[in-house]
Amino acid sequence: MLAGGLRAWLEDELADLAGVIDPTAPVILSPRTVFGGRMISVPPVIAIARGALVSALVSQRLIFGHIEHPMDDALSALEADPTQRDLVDAVHSLEPDAFAQLAAEVAAHDAVLARELGSVPSSWLPRSMVRLSASLAGGRFVLSGVADVMVGPPARDVASVCLLDVTTTTPDDLVNARLGVLALIETLRSSAPPLRVASLSTTTGETVIVDVTDTTLTTALCDVVDAAKRRGGTS
Amino acid sequence: MMLRHPSPTLSRAAALTDLVREAAPIPERLDGSLRRALAYRLSASAPAREHGSVRLDGWTVEQALLPVMNSQDAFVWSPRTSRRLLGLAAARRVLTGTSPNPMAGVLAEIDAIALRATTQDLRPGSLGAWLTEAPRGVLGAIVAEATTYATDVVTLLDWDRLETPTAVGAADPVWAVPGAPWVSLRGRRDIEITLDADAGTRALICLRAGRPSEASMEDLSLVALASGLTKPDAPLPTRIVGVWPTAGRSVSLEISAHDIRRSARRLVDAASALRQETAHATAA
Numbered sequence: 001m002l003a004g005g006l007r008a009w010l011e012d013e014l015a016d017l018a019g020v021i022d023p024t025a026p027v028i029l030s031p032r033t034v035f036g037g038r039m040i041s042v043p044p045v046i047a048i049a050r051g052a053l054v055s056a057l058v059s060q061r062l063i064f065g066h067i068e069h070p071m072d073d074a075l076s077a078l079e080a081d082p083t084q085r086d087l088v089d090a091v092h093s094l095e096p097d098a099f100a101q102l103a104a105e106v107a108a109h110d111a112v113l114a115r116e117l118g119s120v121p122s123s124w125l126p127r128s129m130v131r132l133s134a135s136l137a138g139g140r141f142v143l144s145g146v147a148d149v150m151v152g153p154p155a156r157d158v159a160s161v162c163l164l165d166v167t168t169t170t171p172d173d174l175v176n177a178r179l180g181v182l183a184l185i186e187t188l189r190s191s192a193p194p195l196r197v198a199s200l201s202t203t204t205g206e207t208v209i210v211d212v213t214d215t216t217l218t219t220a221l222c223d224v225v226d227a228a229k230r231r232g233g234t235s
Numbered sequence: 236m237m238l239r240h241p242s243p244t245l246s247r248a249a250a251l252t253d254l255v256r257e258a259a260p261i262p263e264r265l266d267g268s269l270r271r272a273l274a275y276r277l278s279a280s281a282p283a284r285e286h287g288s289v290r291l292d293g294w295t296v297e298q299a300l301l302p303v304m305n306s307q308d309a310f311v312w313s314p315r316t317s318r319r320l321l322g323l324a325a326a327r328r329v330l331t332g333t334s335p336n337p338m339a340g341v342l343a344e345i346d347a348i349a350l351r352a353t354t355q356d357l358r359p360g361s362l363g364a365w366l367t368e369a370p371r372g373v374l375g376a377i378v379a380e381a382t383t384y385a386t387d388v389v390t391l392l393d394w395d396r397l398e399t400p401t402a403v404g405a406a407d408p409v410w411a412v413p414g415a416p417w418v419s420l421r422g423r424r425d426i427e428i429t430l431d432a433d434a435g436t437r438a439l440i441c442l443r444a445g446r447p448s449e450a451s452m453e454d455l456s457l458v459a460l461a462s463g464l465t466k467p468d469a470p471l472p473t474r475i476v477g478v479w480p481t482a483g484r485s486v487s488l489e490i491s492a493h494d495i496r497r498s499a500r501r502l503v504d505a506a507s508a509l510r511q512e513t514a515h516a517t518a519a
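Residue numbers (the working numbering), protein chains in the order written: chain A, 1 to 235; chain B, 236 to 519.
Hints should not be assumed to be uniformly reliable.
Listing some non-contacts, in silico: residues in chain B with all C-beta distances to chain A over 10 Å [unchecked claim]:
#: 1; residue: Val-303
#: 2; residue: Asp-407
#: 3; residue: Ala-450
#: 4; residue: Arg-500
Covered stretches of chain B, going by a simulated chain A footprint (3 or more residues, C-beta under 8 Å) [stated by the list, open to error]:
#: 5; segment: 273-281
#: 6; segment: 330-339
#: 7; segment: 345-355
#: 8; segment: 382-390
#: 9; segment: 477-488
Stretch-level coverage of chain A by chain B, calculated; a stretch enters the list once three of its residues show a Cβ under 8 Å from a Cβ in chain B [claimed, not checked]:
#: 10; segment: 54-68
#: 11; segment: 72-82
#: 12; segment: 116-128
#: 13; segment: 132-141
#: 14; segment: 149-155
#: 15; segment: 184-193
In short, the hints are calculated from the structure, not lab data.
Quick caveat, the model's predicted, so the values are computed rather than measured.
Every residue, glycine too, gets a C-beta built ideally from N, C-alpha and C.
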């Protein structure tokens, strides 16, 4: 199977690095951090909050179809998640004007979601905020990602899963590469490649769709190996 | 400790189904003297009754045996803590044909709980009380988490090939320690599959979050111990299959008497550690 070959290839490439990494403190690589060397800056808290709020709205849209109060619903969803306590505190401590501006931005992003996401039938098995991970080199490297939306049952004979990454940033020239890494993680995790991976920018409404091929996965694999060598060499 | 892995050349569900269904060897039984010794040691080493109930499971045992015990927050309902209960109930609805898909199953289960809430007095802090008061945004997060859990269960196995009785999401086996009933052991398992109804052999499947760790096999072994203690007339489970959907990993622990003895010792060690921790907290 392709996934088995990819895993063996990755394990071979990472074998030399494994010796210098403490298995209790693994190097964690995500679609974003694989290309971290080229990131310009760390996003400010307000951008992180906006991203988390919009991600929460993706779930709400999949389940209820429509949303009347985007900021209220998204914020109450985050408030119910103990892991988001610091972020929620940061939002609540915003000045009234800044809070109102954030709420307006969230509503604008939600309008794009409503237009682009549409209604997804529950028979497609939609699930949201699906965490994906794959351990390599005896757990010394962990590929980790989150699919904002996943549809389709796990593959049996043919690829049947599609992943959607929703971002509040504008698409850049690395979007295809990041989607490739997400597809690679899902392939390693489930033993079958996804049919398609896509990205939706709720800032511009642009969508990028990648039909997953062997080339998509092997290119992503090389990107992961490069990132692991950079990170492994500095750990 | 004997571990087996699903075949990598089959689809995940088919491979796991093959692994689970494999015939049981001569069934092992829980040694009666071990049961008595465990009850005696636990009642002697666990925190005293005045410190409240002591619920032991894979998580609490692992935490208790850490070199420095993590402080544990009090339990609160959240989308994460409710997902297993709702997800399993939804999966059961789908597998019995009463709901067409996992999301519909979760919504139906929440409706059923809300309906019960209108006819019964709700215990403060219960799932029903929390769900009926949850704002729409929180409900969305709850449904999302539970739907993912239910989908993982529904797509886990090749259900049509399971010809023997299968229980999805039945109540976890809980063994209250004789002589110290405030101390209990809970085996958190999601699916129970009968292998041979006449012999009473069974396989248990446990879904776990994250990825497997060094302590994972001890967790699975503890599930076997809890199951054996609560079913004294049945053999021990033949195997406990751990599944980590996030990581796409699964492994079968083939249960032996040795695993059970080690697990029992670990349980007593954890109870002793909890007693010391309680004593320190009281002294402070």
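Do the hints match the structure? See the list:
1. Listed as outside the interface, B/Val-303 is consistent with that label: its C-beta sits roughly 14 Å from the nearest C-beta of chain A, beyond the 10 Å cut-off.
2. Remark: the non-interface label on B/Asp-407 is consistent with the geometry, its nearest Cβ contact in chain A lying 23 Å away (cut-off 10 Å).
3. Even its closest Cβ contact with chain A, about 13 Å, leaves B/Ala-450 beyond 10 Å, as expected for a residue assigned away from the interface.
4. Once the 10 Å rule is applied to beta carbons, B/Arg-500 is consistent with being away from chain A; the minimum gap is 24 Å.
5. Only residues whose beta carbon comes within less than 8 Å of a beta carbon in chain A count, and the segment 273-281 of chain B has 0; fewer than three means the coverage is violated.
6. Coverage of the segment 330-339 of chain B by chain A holds in this model, with 5 residues showing a Cβ closer than 8 Å to a Cβ of that chain against a need of three.
7. Here's how the segment 345-355 of chain B fares: 0 of its residues keep a CB closer than 8 Å to some CB of chain A, so the rule of at least three is not met and the hint is violated.
8. Counting residues of the segment 382-390 of chain B whose beta carbon lies closer than 8 Å to any beta carbon of chain A gives 4, which meets the minimum of three for the stated coverage.
9. Counting residues of the segment 477-488 of chain B whose CB lies closer than 8 Å to any CB of chain A gives 4, which reaches the minimum of 3, so the coverage claim holds.
10. For the segment 54-68 of chain A, the stated coverage by chain B holds: 6 residues have a C-beta nearer than 8 Å to a C-beta of that chain, and at least 3 were required.
11. Only residues whose C-beta sits within less than 8 Å of a C-beta in chain B count toward coverage, and the segment 72-82 of chain A has 10 of them, enough to reach three; the restraint holds.
12. Figure legend: the segment 116-128 of chain A, annotated as covered by chain B; annotation consistent (6 residues with Cβ-Cβ distances under 8 Å, at least 3 required).
13. Only when three residues or more bring their CB closer than 8 Å to a CB of chain B does the claim for the segment 132-141 of chain A stand; here the count is 5, and the claim holds.
14. Counting residues of the segment 149-155 of chain A whose C-beta lies closer than 8 Å to any C-beta of chain B gives 3; at least three are required, and the coverage claim holds.
15. Counting residues of the segment 184-193 of chain A whose CB lies closer than 8 Å to any CB of chain B gives 5, so the stated coverage by that chain holds, three being the minimum.
Figure legend: structure checked against the earlier numbered hints; hints not met, in rising order: 5, 7.
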